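Asks: Protein chains in written order, with UniProt numbering: chain V, 1 to 314; chain A, 1 to 314.
These are calculated hints, taken from the structure and not from any lab test. It should be emphasised that the depicted structure is a prediction, and the values quoted were computed from it without experimental measurement. Check before you lean on any hint, since a few could be wrong.
Put simply, identical chains are the same to the list, so a pair is met inside one copy or across any two.
[To be verified] Taking lysine to aspartate or glutamate and the DMTMM-like style, the derived pairs with C-alpha atoms no more than 20 angstroms apart in a straight line are:
1) K98 <-> E173
2) K182 <-> D143
3) K249 <-> D162
4) K299 <-> E74
5) K32 <-> D303
6) K130 <-> D164
7) K130 <-> D162
8) K130 <-> E18
9) K249 <-> D144
10) K63 <-> D303
11) K287 <-> E54
12) K100 <-> E117
13) K63 <-> D162
14) K130 <-> E231
15) K169 <-> D210
16) K169 <-> D136
17) K169 <-> E231
There are 2 protein chains.
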Amino acid sequence: MATLVVPRDVPSANVDAEALRTAFKGWGSDEKAIIAILAHRNAIQRRHIRIAYEQLFQEDLIKRLESEISGHFERAVYRWMLDPEDRDAVLANIAIRKPKEDFAVLVELSCIYSPEELLGVRRAYQQRYKRSLEEDVAASTNDDLRTLLVGLVSAYRYNGADVDLSLAKSEAERLERAIRDKTFYHEDVIRILTTRSRPQLVATFNHYKDAYGISISKQLSSDKAGKEFTEALRTVIQCIDDPIKYYEKVVRNAIKRVGKSDEDALTRVVVSRAEKDLRQIKEAYHKRNSVTLDDAVSKESGDYKRFILALLGN
Amino acid sequence: MATLVVPRDVPSANVDAEALRTAFKGWGSDEKAIIAILAHRNAIQRRHIRIAYEQLFQEDLIKRLESEISGHFERAVYRWMLDPEDRDAVLANIAIRKPKEDFAVLVELSCIYSPEELLGVRRAYQQRYKRSLEEDVAASTNDDLRTLLVGLVSAYRYNGADVDLSLAKSEAERLERAIRDKTFYHEDVIRILTTRSRPQLVATFNHYKDAYGISISKQLSSDKAGKEFTEALRTVIQCIDDPIKYYEKVVRNAIKRVGKSDEDALTRVVVSRAEKDLRQIKEAYHKRNSVTLDDAVSKESGDYKRFILALLGN
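All chains, please: the whole structure from these sequences, using the hints.
Replies: Below, the structure is given as structure tokens:
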């Protein structure tokens with residue numbers, strides 16, 4: 001369930017656009033007013049505000065916001081104001097261009113998003129960058145990690161619930177053999193993880209646990225060879241097996257480094273899940289850490305904190 | 001341009017459905033009447049006839065056709081009567097299940113069809129088989145051929161006309177090095193051919209020819225190692241470089257073996273291009289063989305011949 005709180009009587013997009021214009025006026029802008037509006041509008045309403053603002057003031061709202069605010073707050077608002085597919089295309093592009101490619105973003109797109117959502121991101125990516133997502137991923141990686149990531153972002157997985165249990169059994173055995181032989185760069189592992197439907201893979205992971213007494217993710221973590229590739233495989237498995245648990249972990253890791261939180265990761269999860277399942281992620285966080293996510297986020301400072309707390313449902 | 005001839009005043013779908021019903025009556029069916037109707041209706045009209053027939057007679061028209069006619073004629077009519085995406089899904093599935101996988105069908109889908117058309121086929125495939133196209137391709141192939149084919153059918157290439165000439169130059173050099181070192185199973189070759197846009201690849205092939213004085217396709221044909229994989233690479237290059245020329249060759253090879261024509265390949269090209277560019281393919285055939293495709297097809301027999309000739313615009 002979503003955490004986004006939209007007021008019962010939402011002002012028209014024109015009224016919101018005018019209020020934003022007023023917030024931008026004078027020395028420094030009125031950040032509280034910006035948050036009060038934008039953190040309480042859904043994706044379609046935000047798009048309408050952007051359109052209304054452009055029509056009224058012949059100015060791009062997102063560009064204006066970028067010039068009015070700064071730091072983590074600016075980056076969070078920027079991500080929040082883009083259309084969801086476009087935002088994810090931007091996040092993917094940033095991830096690809098990092099010196100050490102941030103594969104988690106790509107894995108999330110391909111293993112948590114629905115096949116149609118992933119496709120929407122691929123379309124938005126082409127629109128924005130005039131290249132395909134997969135060609136940029138391919139050009140920026142190598143070897144097995146490349147085969148895995150290109151396979152993931154190119155996937156259009158079957159979206160039905162049908163599960164073939166005998167296939168789950170035989171593929172669990174293939175995976176076990178590949179891990180045991182330390183050949184888990186093996187094309188079979190990549191093939192299975194990049195092409196099978198999610199329900200089918202969950203059945204395979206379950207069979208793995210039943211048959212070998214250990215989860216495939218734990219089994220992989222005991223291996224240190226090809227660390228980056230193994231880490232990517234584990235991320236794939238976690239995203240497919242339990243997205244809520246996966247996101248809880250991303251948020252936990254982002255927050256726990258006191259003083260140097262990974263705001264980008266925190267922002268990514270909050271902004272991209274606030275209209276989807278952020279409530280479950282908050283519950284999982286509370287259960288796992290004995291502190292609410294709201295309290296944990298309160299360590300952050302200023303407008304960034306206020307904005308994130310608003311998206312968390314405060 | 002299409003070769004399909006649709007009469008100026010097309011009867012309603014109900015009238016066509018009734019006429020087909022009449023053609024099925026009595027001893028044997030009236031094949032000439034079937035051809036006169038179905039070979040002169042476009043894809044949408046054919047779908048409406050199927051719906052009208054089902055409503056009027058509580059019977060699946062395609063099943064009824066299968067029971068009324070036989071042989072190559074039946075197979076051609078069956079392919080013609082399915083919705084285009086569904087037909088291509090069926091053709092892909094047949095190709096995958098062949099003992100020696102018929103990769104040409106898969107290459108055509110991914111290198112000649114538009115990105116959106118390929119996506120339509122992938123959707124239809126899932127609808128019909130409850131699995132993704134890529135997982136079936138992956139499960140039925142191995143090694144480099146698998147990586148190539150899975151990459152091809154998963155592609156959602158950039159569809160714009162933008163071409164990066166310096167990239168074309170550097171990738172032509174990479175391809176040349178890979179072929180020269182006989183390492184053309186190299187992941188780089190697969191990456192380039194499966195992810196780059198078609199205009200970009202055409203620029204790369206052109207640069208290859210300019211720089212090395214031989215087309216990349218010819219260069220590959222001189223190599224005999226890994227014959228099946230090399231053959232697949234050449235098919236990819238031909239499909240991207242010049243679809244009309246490629247189809248002409250498929251038709252020529254299908255027809256030239258006197259007495260044992262490859263009707264399936266001939267049917268595939270005629271049925272899938274009759275509403276698109278079959279006229280250009282016919283022109284290319286005439287030019288290349290000094291005989292018209294119509295005359296060449298006339299060697300075929302009976303209703304099959306009459307049906308194909310009708311689709312060829314006679």
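Asks: Now tell me if each hint is right for this structure.
Replies: Status of each hint after checking the structure:
1. K98 <-> E173: Classified as neither; 36 angstroms inside a copy, 26 angstroms across copies.
2. K182 <-> D143: Classified as both: same-chain Cα gap 16 angstroms, cross-chain 18 angstroms, threshold 20 angstroms.
3. K249 <-> D162: Intra 29 angstroms, inter 41 angstroms, cutoff 20 angstroms: neither.
4. K299 <-> E74: within (18 angstroms within a copy, 72 angstroms between copies)
5. K32 <-> D303: Only inside one copy: K32 and D303 sit 8 angstroms apart there, 77 angstroms across copies, limit 20 angstroms.
6. K130 <-> D164: Cα proximity of K130 and D164: across copies only (11 angstroms, versus 39 angstroms in one copy).
7. K130 <-> D162: Between. Shortest inter-copy distance 7 angstroms satisfies the 20 angstroms Cα cut-off; intra-copy 36 angstroms does not.
8. K130 <-> E18: neither (34 angstroms within a copy, 50 angstroms between copies)
9. K249 <-> D144: Classified as neither: same-chain Cα gap 25 angstroms, cross-chain 36 angstroms, threshold 20 angstroms.
10. K63 <-> D303: within (18 angstroms within a copy, 66 angstroms between copies)
11. K287 <-> E54: The answer is neither: 44 angstroms in one copy and 56 angstroms across copies each exceed 20 angstroms.
12. K100 <-> E117: Neither: 26 angstroms inside a copy, 35 angstroms across copies.
13. K63 <-> D162: neither (46 angstroms within a copy, 26 angstroms between copies)
14. K130 <-> E231: Neither: 30 angstroms inside a copy, 31 angstroms across copies.
15. K169 <-> D210: within (10 angstroms within a copy, 53 angstroms between copies)
16. K169 <-> D136: between (35 angstroms within a copy, 17 angstroms between copies)
17. K169 <-> E231: neither (24 angstroms within a copy, 35 angstroms between copies)
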